[in-house]
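Colleague: Spelled out from the first residue to the last, the chains are:
Protein chains: 2
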Amino acid sequence: MKIGVLGTGMVGNAIATKLVLMGHSVKMGSRSATNEKGAAWVKASGPNASQGTFADAAAFGEMIFNCTNGMGALDALKQAGAGNLRGKVVIDISNPLDFSKGMPPSLTVCNTDSLGEQIQRAYPDAKVVKTLNTVNCTMMVNPGLVPGEHDVFICGNDSGAKSKGEEMLKKFGWKSIIDLGDITNARATEMLLPIWVRLYGKFQSPMFNFKIVRP
Amino acid sequence: MKIGVLGTGMVGNAIATKLVLMGHSVKMGSRSATNEKGAAWVKASGPNASQGTFADAAAFGEMIFNCTNGMGALDALKQAGAGNLRGKVVIDISNPLDFSKGMPPSLTVCNTDSLGEQIQRAYPDAKVVKTLNTVNCTMMVNPGLVPGEHDVFICGNDSGAKSKGEEMLKKFGWKSIIDLGDITNARATEMLLPIWVRLYGKFQSPMFNFKIVRP
Chain Z
1 MKIGVLGTGM
11 VGNAIATKLV
21 LMGHSVKMGS
31 RSATNEKGAA
41 WVKASGPNAS
51 QGTFADAAAF
61 GEMIFNCTNG
71 MGALDALKQA
81 GAGNLRGKVV
91 IDISNPLDFS
101 KGMPPSLTVC
111 NTDSLGEQIQ
121 RAYPDAKVVK
131 TLNTVNCTMM
141 VNPGLVPGEH
151 DVFICGNDSG
161 AKSKGEEMLK
171 KFGWKSIIDL
181 GDITNARATE
191 MLLPIWVRLY
201 GKFQSPMFNF
211 KIVRP
Chain R
1 MKIGVLGTGM
11 VGNAIATKLV
21 LMGHSVKMGS
31 RSATNEKGAA
41 WVKASGPNAS
51 QGTFADAAAF
61 GEMIFNCTNG
71 MGALDALKQA
81 GAGNLRGKVV
91 IDISNPLDFS
101 KGMPPSLTVC
111 NTDSLGEQIQ
121 RAYPDAKVVK
131 TLNTVNCTMM
141 VNPGLVPGEH
151 DVFICGNDSG
161 AKSKGEEMLK
171 KFGWKSIIDL
181 GDITNARATE
191 MLLPIWVRLY
201 GKFQSPMFNF
211 KIVRP
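Which chain is which? The protein sequence lines are Z and R, in order.
Heads up, the first sequence is in our numbering, so the first residue is 1 and it goes up one at a time.
Heads up, the second sequence is in our numbering, so the first residue is 1 and it goes up one at a time.
No lab work stands behind these hints: they were computed from the structure.
Since this is a predicted model, take the numbers as computed values, not measurements.
Watch out, some of these pointers could steer you wrong.
Covered by chain R, per the in silico footprint, the following chain Z stretches (three or more residues, Cβ under 8 Å) [unchecked claim]: (1) 105-118; (2) 144-157; (3) 184-191; (4) 207-213.
Part of the chain R face toward chain Z, derived, beta carbon under 10 Å [what the hints assert, rightly or not]: (5) Met1; (6) Ser106; (7) Lys175; (8) Asp179; (9) Gly181; (10) Val197; (11) Arg214.
Quick reminder that beta carbons are idealized off the backbone N, C-alpha and C, glycines included.
Using the sequences and the accompanying hints, generate a full structural model.
Modeller: Structure (structure tokens):
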């Protein structure tokens, strides 16, 4: 499949690299078509890897991964263009973290709204699926880095899109996927970030994950 | 030990009942010294159980458990009285849940503040320890109701008070207690409630808990 990955940071790199290894054709998008990190990734990743602007990547992909940082996500998607997102599954991994006031970060939106919902409202013709935002980027595509059972959450308004998201998660190695329901549940998973960043600080490692334990 | 339990709801009842079973003398406090639920609890719980106003319970206790519902917590503590809280460990179990706009509830405070911090600020001479707010009340005093390993979080500014809180948690049966740090971490645990209430809805059962899985 042709996939557009928005963002050339650690998350975009991890996702795009895994997708190429899985045999997909991937175009990484950023503000500039000649992004340095994008170029390095293309060079390292072979003929199925390419880069371009956010719009190039979104136009290219049959499925889109939003791997931008949360504070820039809405602007990046604006550059990607509504027409290039229309009808497509948009896997939103971003978190609305605001580091501008120091550590730990606060959220730019929460409680009665979420970044996932903001994106879905801004692009009603896209099928936004929120997932993977509660784990470190290396774990996103290799959950076995933390041994044992642990969970990834998924939510979104379109069941078909969520099924496609779940298929992808299974191919990434996820065994336990908890479907929380519609996109308003992005509030719940984005609001896991405050404890996530504190646990990261405490453990001095991002290699942990949540498991919901039940009888 | 003499312990004051503020709140006669399910949480107060579970905590107060366990404390009496552990051999403590417990006074349950509420708005009225002749609260009906309080009276039923006293009748069921024997000579070490008594009830009174919030102020009576707070004055009685060497340690205080705040088991009021979050929206009424600050008012209940005001009725309890700063003088009756001074120097004491106040175990705060309340969550700032607002059910007034329907389900799922939102939080009355979050992100850059928390109910735990509001309480600590309002009563700087009390030693506020936030814990147990992320689990169902029956599990609070019987974590084995969900088999296997799972975690309870604790935070607060006073190490001595946290140690006393941890001792109590261990006697309740908790094996894994994660100390997140100072009371600002109440933001992180209170912000677990949005996913908690959604999981409750999904599972149609409150019998689950978070486990932080690490390599």
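Colleague: Going by Cβ atoms only, is Asp179 of chain R closer than 10 Å to chain Z?
Modeller: holds, 8 Å
Colleague: With a cut-off of 10 Å on the beta carbons, see whether Arg214 of chain R makes it to chain Z.
Modeller: Where the cut-off is 10 Å and the nearest Cβ of chain Z is about 5 Å from Arg214 of chain R, the hint holds.
Colleague: Closer than 8 Å Cβ to Cβ for three or more residues is the test here. Does the stretch 105-118 of chain Z pass it with chain R?
Modeller: holds (count 5)
Colleague: Against chain Z, run the beta carbon of Ser106 of chain R and see if the smallest gap drops under 10 Å.
Modeller: Interface hint status for Ser106 of chain R: holds (5 Å vs cutoff 10 Å).
Colleague: Count the residues of the stretch 144-157 of chain Z with a beta-carbon closer than 8 Å to any beta-carbon of chain R: does the count reach three?
Modeller: holds (count 7)
Colleague: Less than 10 Å between beta-carbons is the criterion; does Lys175 of chain R satisfy it with respect to chain Z?
Modeller: Cβ of Lys175 of chain R sits 13 Å from chain Z, so the hint is violated.
Colleague: Confirm or reject the coverage of the stretch 184-191 of chain Z by chain R under the rule of 3 or more residues with a beta carbon closer than 8 Å to the chain's beta carbons.
Modeller: holds (count 5)
Colleague: Holds or violated: Val197 of chain R as interface residue toward chain Z, Cβ cutoff 10 Å?
Modeller: With Cβ-Cβ at 8 Å, under 10 Å, it holds.
Colleague: With chain Z as the partner, please determine if Met1 of chain R meets the hint condition of a C-beta pair closer than 10 Å.
Modeller: Result: violated, 30 Å to nearest chain Z Cβ.
Colleague: Check, residue by residue, whether the stretch 207-213 of chain Z contains three or more positions whose beta-carbon lies closer than 8 Å to a beta-carbon of chain R, and give the verdict.
Modeller: Since three or more residues must qualify, the claim that chain R covers the stretch 207-213 of chain Z holds, with 7 doing so at under 8 Å.
Colleague: Given Gly181 of chain R was flagged as interface, is its beta-carbon under 10 Å from a beta-carbon of chain Z?
Modeller: holds, 7 Å
When each numbered hint is compared with the structure, violations occur for hints 5, 7.
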